[in-house]
Amino acid sequence: GAVVSQHPSWVICKSGTSVKIECRSLDFQATTMFWYRQFPKQSLMLMATSNEGSKATYEQGVEKDKFLINHASLTLSTLTVTSAHPEDSSFYICSAPVAGNQPQHFGDGTRLSIL
Amino acid sequence: QKEVEQDPGPLSVPEGAIVSLNCTYSNSAFQYFMWYRQYSRKGPELLMYTYSSGNKEDGRFTAQVDKSSKYISLFIRDSQPSDSATYLCAMNTNAGKSTFGDGTTLTVKP
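Residue numbers (my numbering), protein chains in the order written: chain A, 1 to 115; chain B, 1001 to 1110.
There may be inaccurate statements among the hints.
No farther apart than 27 Å at their CA atoms in a straight line, the calculated lysine-lysine pairs in the BS3-like style are these [to be verified]: (1) A:Lys14 x A:Lys64; (2) B:Lys1042 x B:Lys1067; (3) B:Lys1097 x A:Lys66; (4) A:Lys64 x B:Lys1097; (5) B:Lys1109 x A:Lys64; (6) B:Lys1097 x B:Lys1109; (7) A:Lys20 x A:Lys66; (8) A:Lys20 x B:Lys1067; (9) A:Lys66 x B:Lys1070; (10) B:Lys1109 x A:Lys41; (11) B:Lys1056 x A:Lys66; (12) B:Lys1002 x B:Lys1109; (13) A:Lys14 x A:Lys66; (14) A:Lys55 x B:Lys1056; (15) B:Lys1067 x B:Lys1109; (16) B:Lys1070 x A:Lys20; (17) A:Lys55 x A:Lys20; (18) B:Lys1056 x A:Lys14; (19) B:Lys1042 x B:Lys1056; (20) B:Lys1097 x B:Lys1067; (21) B:Lys1109 x B:Lys1070; (22) A:Lys41 x B:Lys1070; (23) A:Lys14 x B:Lys1070; (24) B:Lys1002 x A:Lys64; (25) B:Lys1042 x A:Lys14.
Sample of chain A residues at the chain B side, in silico, Cβ under 8 Å [as the list claims (entries may be wrong)]: (26) Gln29; (27) Gln60; (28) Val62; (29) Lys64; (30) Gly109; (31) Ser113.
These are computed hints drawn from the structure, not numbers from a lab.
All C-beta atoms in this analysis are idealised placements derived from N, C-alpha and C, irrespective of residue type, glycine included.
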């Protein structure tokens, strides 16, 4: 089946640093990828839609300058949390559909802890 | 009102029980219906995917879609402790962006 790989799985860093999370589609090309945030015991919150070769589309209330998304190739999207603070600590998950309206396949998520 | 409402749970059942997980929706444009399973500290895993009304079976899992009632269900037969997880329903329009339910946490006790 379709595989989406996310890296790193866990990162701890100091307040003020920037953190980059990678999302790769391993066995298919993904023109669209999605980035979610999930708080404990809550559902997925869509942050942005990443489009290969164009700007990402952010959901209402998500700061574009805080969460930088780059989708430079058909198999890689990155999310950079800039100047991270403790309130940015969360579980970040990416996903991609194999094609257009097909179901999304998810990465295993990145646990981000900001001290 | 949310577009997708999922029975909140949590559910706790004995091993071997039949489990029913349910979602309702309000958007008639939803065409694709999915069930995901999420273990703690992991990304969601696609379990079942259906396009039209009716039933789809895969081993111990059966997905049911009733578009006329805007209601979908996932049945798990002979539930096992390894089925303990959070189950998310999700729905797509033709545009491809998914709308998720809030999830139901299931515990199957040995």
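Status of the hints after comparison with the structure:
Distance hint between Lys14 of chain A and Lys64 of chain A is fulfilled; the C-alpha atoms sit about 21 Å from each other, no more than 27 Å. Proximity of Lys1042 of chain B to Lys1067 of chain B is assessed by CA-CA distance (about 31 Å); at most 27 Å being required, the pair is judged violated. Our distance criterion of 27 Å between C-alpha atoms is met by Lys1097 of chain B and Lys66 of chain A, whose separation comes to about 23 Å. Distance restraint check for Lys64 of chain A and Lys1097 of chain B: the Cα-Cα separation of roughly 19 Å lies within the 27 Å cut-off, and the hinted pair is therefore satisfied.
With a C-alpha separation of about 44 Å, the suggested pair Lys1109 of chain B and Lys64 of chain A falls outside the 27 Å cut-off, and the hint is violated. Straight-line distance between C-alpha atoms of Lys1097 of chain B and Lys1109 of chain B comes to about 35 Å, which puts the hinted pair past the 27 Å bound. For the hint pairing Lys20 of chain A with Lys66 of chain A, the CA-to-CA distance comes to about 12 Å; that is within 27 Å, so the pair holds. Proximity of Lys20 of chain A to Lys1067 of chain B is assessed by CA-CA distance (about 41 Å); at most 27 Å being required, the pair is judged violated.
Pair hint Lys66 of chain A plus Lys1070 of chain B does not hold up; C-alpha atoms about 38 Å apart against a cutoff of 27 Å. For the hint linking Lys1109 of chain B to Lys41 of chain A, the alpha-carbon distance of about 20 Å falls within 27 Å, and the restraint holds. Restraint check for Lys1056 of chain B and Lys66 of chain A: the C-alpha separation of about 42 Å exceeds 27 Å, so the hint is violated. For the proposed pair Lys1002 of chain B and Lys1109 of chain B, the alpha carbon gap of about 32 Å is over 27 Å, so the pair is violated.
For a cut-off of 27 Å, the pair hint linking Lys14 of chain A to Lys66 of chain A stands: about 16 Å separates their Cα positions. Of the supplied pair hints, the one linking Lys55 of chain A and Lys1056 of chain B is violated, its CA atoms being roughly 38 Å apart against a limit of 27 Å. Note on Lys1067 of chain B and Lys1109 of chain B: the hinted pairing is violated, with a Cα-Cα distance of about 33 Å set against a maximum of 27 Å. For the hint linking Lys1070 of chain B to Lys20 of chain A, the alpha-carbon distance of about 40 Å lies beyond 27 Å, and the restraint is violated.
Between Lys55 of chain A and Lys20 of chain A the CA atoms are separated by roughly 17 Å; this keeps the pair inside 27 Å, and the hint holds. Between Lys1056 of chain B and Lys14 of chain A the CA atoms are separated by roughly 48 Å; this puts the pair beyond 27 Å, and the hint is violated. In summary, the hint linking Lys1042 of chain B to Lys1056 of chain B is supported, as the alpha carbons are separated by about 26 Å, within the 27 Å threshold. Note on Lys1097 of chain B and Lys1067 of chain B: the hinted pairing holds, with a Cα-Cα distance of about 19 Å set against a maximum of 27 Å.
This hinted pair does not check out: Lys1109 of chain B and Lys1070 of chain B have alpha carbons roughly 31 Å apart, beyond 27 Å. For the given pair, Lys41 of chain A sits about 26 Å from Lys1070 of chain B by alpha-carbon distance, which is consistent with the 27 Å threshold. With a CA separation close to 47 Å, the supplied pair Lys14 of chain A and Lys1070 of chain B exceeds the 27 Å bound. For the proposed pair Lys1002 of chain B and Lys64 of chain A, the alpha carbon gap of about 25 Å is at most 27 Å, so the pair holds.
For the suggested pair Lys1042 of chain B and Lys14 of chain A, the alpha carbons sit about 24 Å apart, so the restraint of at most 27 Å is met. Hint status for Gln29 of chain A relative to chain B: violated, with the closest Cβ pair at about 15 Å, above 8 Å. The beta carbon of Gln60 of chain A is not positioned within 8 Å of any beta carbon in chain B (closest approach about 14 Å), and the interface hint is therefore violated. Below 8 Å, beta-carbon pairs count as interface contacts, and Val62 of chain A has none with chain B, the closest being about 15 Å; its hint is therefore violated.
The beta carbon of Lys64 of chain A is not positioned within 8 Å of any beta carbon in chain B (closest approach about 18 Å), and the interface hint is therefore violated. Because the smallest distance between the Cβ of Gly109 of chain A and any Cβ of chain B comes to about 5 Å, under 8 Å, the interface hint for this residue holds. Look at Ser113 of chain A: its Cβ only gets to about 12 Å from chain B, farther than 8 Å, so that hint breaks.
The structure shown violates the earlier hints numbered 2, 5, 6, 8, 9, 11, 12, 14, 15, 16, 18, 21, 23, 26, 27, 28, 29 and 31.
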